[in-house]
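> Chains A and B, in that order, give the protein sequences.
Each step along the first sequence adds one to the number in the numbering used here, with nothing skipped, and position 74 is 74.
Each step along the second sequence adds one to the number in the numbering used here, with nothing skipped, and position 38 is 38.
What the hints contain is simulated information worked out from the structure, not anything from laboratory work.
Quick caveat, the model's predicted, so the values are computed rather than measured.
One should not assume that every hint holds.
As the list claims (entries may be wrong) - Derived coverage of chain A by chain B (criterion: at least 3 residues anywhere in the stretch with Cβ under 8 angstroms from a Cβ of chain B; other residues may be distant):
| id | segment |
| --- | --- |
| 1 | 4 to 15 |
| 2 | 18 to 29 |
| 3 | 56 to 68 |
We put the beta carbon where it would ideally sit given N, CA and C, even for glycine.
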Amino acid sequence: MPVTCTGGGRVLRAALSGEVDHHGARAIMEELSRQIDLELPRELTLDLAGVTFMDSSGIAVLLRAYRQVGELGGSLTVVHVPDQAARVLRAAGVDRLIKFA
Amino acid sequence: MKPINEAAVSFLSRSANEGFARTAAACFAAQLDPTLEEVNDIKTAVSEAVTNCIVHAYPDRLGRVSMRLRLFEDNSLEIQVKDWGVGIDDVDQARQPMFTTGSAERSGMGFTIMESFMDAVKVRSRPGKGTVVTLRRKLSRRLGAAV
């Protein structure tokens, strides 16, 4: 599974894995969106440690999760960002919007 | 400048081919013994260019995408991604950050990423005829290079 979720008590941790490109982004986005609707998290942590490649499709995944959690009054933190994904996210200025830890 | 090596691949505009295209480009670039960061930059830019073809050039049908790779004596790599799709009406607008005609799954940052990761990005397009995106990146000269 490209998205593995754990949590409870409105704290959700989602670990993404594999290649986050246009080919895979829709499935990731849909599963993440479903989990957010289910858990209504106040805190969402996206763990990117298992991501082997990311392009601008990954930006759309992160921005959608950021907006969805924001609508619930919650916050998003992105952790364990691999170097390649970090370069993509920085080039797009996503690091100015979303908290990276 | 005359290329010292050249390769070309052609494939259908299926999203499964995004991974194929970036891996093919990385394999071709490997003969210059690039750093991991350089390989990742090439893969990322190619992924953006090819995804544009799949999403925008052929929005409602499968079409053909070609990728030509060329190496030059100055250790630079040129990647040309070509489609015969709908074309781009306004290239300057398409290159603006956050601009997209795609769905919510698109971020509109494809050209911004290409420009960040490559030394030069050239776009030629004719509405109804297709688009050619040319990416150029000079790589560091390293001892392990095979050419």
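> Would you mind marking each hint as holding or not holding in the structure?
Evaluated hints:
1. 4 to 15: It is violated, with 0 qualifying residues against the three required.
2. 18 to 29: holds (count 7)
3. 56 to 68: holds (count 6)
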